[in-house]
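**Q** Sequence:
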Amino acid sequence: MYAPLLKILFTMLVMHAVSTGLRFTVTLDAIAHSGTSREVSLMLAGVALVPAFFAISAGRWLDRAGPGKPLALAIAAAAAAGALTLSFPSAVVGLWPLFAACILVGLGFMLANTITQRLTGDVLPPEKRSMGFTAVSIITAASGLVTPVLAGYAIEWRGHAAFYAFAMTAPLILALLAFSPLMRNVFGRVRKRTEKKAADTKGAAKEILADKPMRTVLISSVLISVAWEVGNLMMPIYCASVGLTPSETGWVLGSFSAASFVVRFLMPGLMRLFSEWRLISFTFLVAAVAFLLFPLFEATYALMGCSFLLGLGLGASYPNTMALVYRFAPKGRIGEAIGLRLSMMNFSKATFPIAMGALGSVIGAGATLGALGVFTGCGFLFALQSRAAVEAASAERM
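For the sequence shown, the numbering used here gives the first residue as 20, with consecutive numbering after it.
Bear in mind the hints are in silico, worked out from the structure with no lab data behind them.
Be aware that a few hints might be false.
To be verified - DSS-like, lysine-lysine: derived pairs with alpha carbons at most 27 Å apart: (1) Lys88 <-> Lys350; (2) Lys350 <-> Lys231; (3) Lys147 <-> Lys350; (4) Lys26 <-> Lys225; (5) Lys26 <-> Lys231.
Based on the provided sequences and hints, a complete structural model is requested.
**A** Take a look at the structure:
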């Protein structure tokens, strides 16, 4: 039971490190070459462009065909993003390779994310799924902690090309392992399971949205995603505006991931004390406080503290929302439900960062972070208002 999960987690680790590090690096690369807040926000919105329109189709593809072909395309897209940024330096040709790389890495991570989320639920019995999604969230938090810090030092040591070289080679190494007999046999067994469960994958996505508890969980995912993505867009811009170096900025972002790691490590115990929806409510409240504190500080350690608090809040969201999505999904359409969640989240990622980047150009990154505090405060009120209905449905469908 756990051997397939470990191999799925390894795949997620590599793809998440490439995606997270590439987004961090292209942001600093663009800023270093006179990119504006609006240009950076447009560039990072490209990460969400393909998932916004094709995540549902990717989920259906996974339900029908299993993970082999989607995984191959994910690896190829991620490697191509690294190769493009390495081959066409922005100092020479401008920012267009960074835009293209964001679109490619968005495609690659969308597919990898859909695969790992679906298969994590498939390889574990129902009583172990929350633990499995917590394990995925710990892996992503660890990657988010280490990758920006190492990327920041790599940039100071050998320039942006140092991480671009890693982003090109790591997926290729993963491909050699993933399609070796050991990993291929794991994915092959999972494919048989997904094919058996995909007997009835017909129907429109609006049928999934018609279920009120599922719709509420998906809306909360979107709100949290906006806070996460716009926060991670504005934090490096704010850090640069107050004079932090790339490695110091990496430590600020790394503090966010450190807190995410801590809260996810503690999640099994927290889940025994609180329901998934109560923990999601906690996410909104703590994030609101953290965002409101950010503009009050400029020192590195103070910003690391704000980032850590933000990570404690937002880091608690993933395992709980995924456990509810898997629980509420129609039979045989789990991949599609995951794809719908990713599509909604990425549509918000493709729109809100642009709006917030434009706002940041006018009022500054610090004020924009404060506005996010108000936004997540409204999310907390939404979670309180929806609590009774979601918890009743969760108990019924356990």
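**Q** Next, verify each hint and record whether it holds.
**A** Now for the hints, and whether the structure bears them out:
For a cut-off of 27 Å, the pair hint linking lysine 88 to lysine 350 stands: about 23 Å separates their Cα positions. A hinted pair counts as satisfied when its Cα atoms are at most 27 Å apart, and lysine 350 with lysine 231 qualifies at roughly 17 Å. Between lysine 147 and lysine 350, the direct Cα distance comes to roughly 18 Å. Compliance with the 27 Å bound is thereby established for this hinted pair. A hinted pair counts as satisfied when its Cα atoms are at most 27 Å apart, and lysine 26 with lysine 225 does not qualify at roughly 33 Å.
Restraint check for lysine 26 and lysine 231: not satisfied, since their Cα atoms lie roughly 35 Å apart, outside the 27 Å limit.
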